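K.L.:
Okay, here's what each chain looks like letter by letter:
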Amino acid sequence: MTRPSFDAQREQLQRGHFIRVVNYHSTPRGARDELAKELAGFARDYAPVTLDDLDRLFETGTWHKDKPGVIPVFYEGYRNSVTVAAPLCDELGLTGWFPIATSFVDCEPEHQEAFARAHWISLVEEDTKGGRIAMNWDEVAEISKRHVVFPHTAHHEGFDGVFSDADLEREVVESKRQLEAVTGQEAPAFVWLHGSSYGQSPRHDQAVRDAGYRYQFANTMIHRIN
Amino acid sequence: MSATVSGPSAHEGEPSAAELLAAGDILGLMRACHDRRLEREGIPMVLGLADERGAIPEAATAAQLAEGRAFAEVFERYSAELVPWARNDDEGAVITAMQVLAYTHFAPGAAPISDPASGTEGSHA
Chain G
1 MTRPSFDAQR
11 EQLQRGHFIR
21 VVNYHSTPRG
31 ARDELAKELA
41 GFARDYAPVT
51 LDDLDRLFET
61 GTWHKDKPGV
71 IPVFYEGYRN
81 SVTVAAPLCD
91 ELGLTGWFPI
101 ATSFVDCEPE
111 HQEAFARAHW
121 ISLVEEDTKG
131 GRIAMNWDEV
141 AEISKRHVVF
151 PHTAHHEGFD
161 GVFSDADLER
171 EVVESKRQLE
181 AVTGQEAPAF
191 VWLHGSSYGQ
201 SPRHDQAVRD
211 AGYRYQFANT
221 MIHRIN
Chain B
1 MSATVSGPSA
11 HEGEPSAAEL
21 LAAGDILGLM
31 RACHDRRLER
41 EGIPMVLGLA
51 DERGAIPEAA
61 TAAQLAEGRA
71 FAEVFERYSA
81 ELVPWARNDD
91 EGAVITAMQV
101 LAYTHFAPGA
111 APISDPASGT
121 EGSHA
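Going down the list, the protein sequences come from chains G and B.
Residue numbers for the first sequence, in the working numbering: 1 to 226.
Residue numbers for the second sequence, in the working numbering: 1 to 125.
What the hints contain is simulated information worked out from the structure, not anything from laboratory work.
A hint or two may mislead.
Stated by the list, open to error - Where chain G lies over chain B, by a calculated footprint (3+ residues, C-beta under 8 Å):
1. 19-33
2. 71-80
To be verified - Distance windows between CB atoms, simulated:
3. G:T83 with B:E19: 47 to 53 Å
4. B:T61 with G:T128: 46 to 52 Å
5. B:E76 with G:K67: 32 to 38 Å
Computed from a predicted structure; not experimentally measured.
C-beta: ideal position from N, C-alpha, C; glycine also.
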């Protein structure tokens with residue numbers, strides 16, 4: 001069990017065990033050109049990271065492409081992840097990784113702003129102009145054909161807000177089941193709100209492991225757990 | 001004399017990560033990476049890899065190892081400069097030092113990792 005620390009981070013770097021990640025949240029249409037420019041810079045200098053690439057990196061310890069890898073991560077399940085971010089990734093040949101708060105997607109559009117405000121999902125002005133804020137299930141299925149989608153819990157919860165067995169079932173297990181039913185493929189990773197690390201709570205670690213996730217993403221590292 | 005930032009950096013009229021680094025302004029680098037405009041700019045991160053099932057084999061390429069060691073050196077430098085007070089397991093402090101590392105040496109327009117602070121060059125992983 002690897003808990004975040006200066007020693008752990010130093011050792012991982014020294015062993016060459018690291019990967020570059022860029023975290024995004026709402027990607028409004030109004031900022032599309034700036035996002036496009038930034039992503040184009042990453043696409044020029046770095047290689048996309050598919051799930052197979054990440055598996056191989058863990059298995060061999062060695063990155064196998066000519067350019068270093070980069071994982072652009074688009075959090076929460078915003079509609080603009082599908083309308084803005086994913087098409088840019090397609091255009092640029094990047095593989096996007098999309099952690100989705102599944103209950104945000106399930107929420108009726110007229111209640112999505114309140115859902116977001118109630119669950120630490122940040123909004124920009126464009127998100128509040130009316131209409132759907134979250135992607136819908138058809139869109140989830142569509143982007144899963146070219147990108148990696150996985151649960152960011154159901155309700156955008158941190159491990160320290162998930163107490164009962166029913167909470168764990170809903171946030172960790174049911175969110176995976178729901179995504180997999182829609183995409184027809186494995187949801188390979190999981191990430192808590194605030195990117196809490198594996199190793200903070202044995203009970204929560206076990207729930208994530210038992211649910212069958214391959215990876216847990218966190219703020220200092222990616223944990224391979226199954 | 002230290003270059004400073006009054007708002008989001010790497011933006012028009014403000015010093016780039018490379019300029020801040022050249023000025024030795026590590027505090028300015030931290031401010032700049034925390035002032036990213038999140039609706040249009042990503043948060044660059046360098047994440048470690050941990051296999052909870054067993055050890056990951058050591059990286060087989062010299063370039064990947066060299067880059068990792070160069071990252072480790074600047075991680076030490078930024079940690080010493082910014083969070084010398086931190087416990088070894090202070091996750092927030094680790095994240096802060098790693099954010100500055102990523103913003104300074106990985107984000108578009110950042111200083112290459114071959115900067116004099118590291119004295120090492122590499123480009124893989």
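K.L.:
If a hint holds in the structure, say so; if it does not, say that too.
P.N.:
Hint check:
Requiring three or more residues with a Cβ within less than 8 Å of a Cβ of chain G, the coverage given for the stretch 19-33 of chain B is violated, as only 0 such residues are present. With 5 residues having a beta carbon nearer than 8 Å to a beta carbon of chain G, the stretch 71-80 of chain B meets the requirement of three or more and the stated coverage holds. Hint check: T83 of chain G to E19 of chain B, Cβ distance near 36 Å, so the stated range 47 to 53 Å is violated. Our hint of 46 to 52 Å for T61 of chain B and T128 of chain G holds, since their Cβ atoms are close to 48 Å apart.
Range check, E76 of chain B to K67 of chain G: Cβ separation about 26 Å, and the 32 to 38 Å hint is violated.
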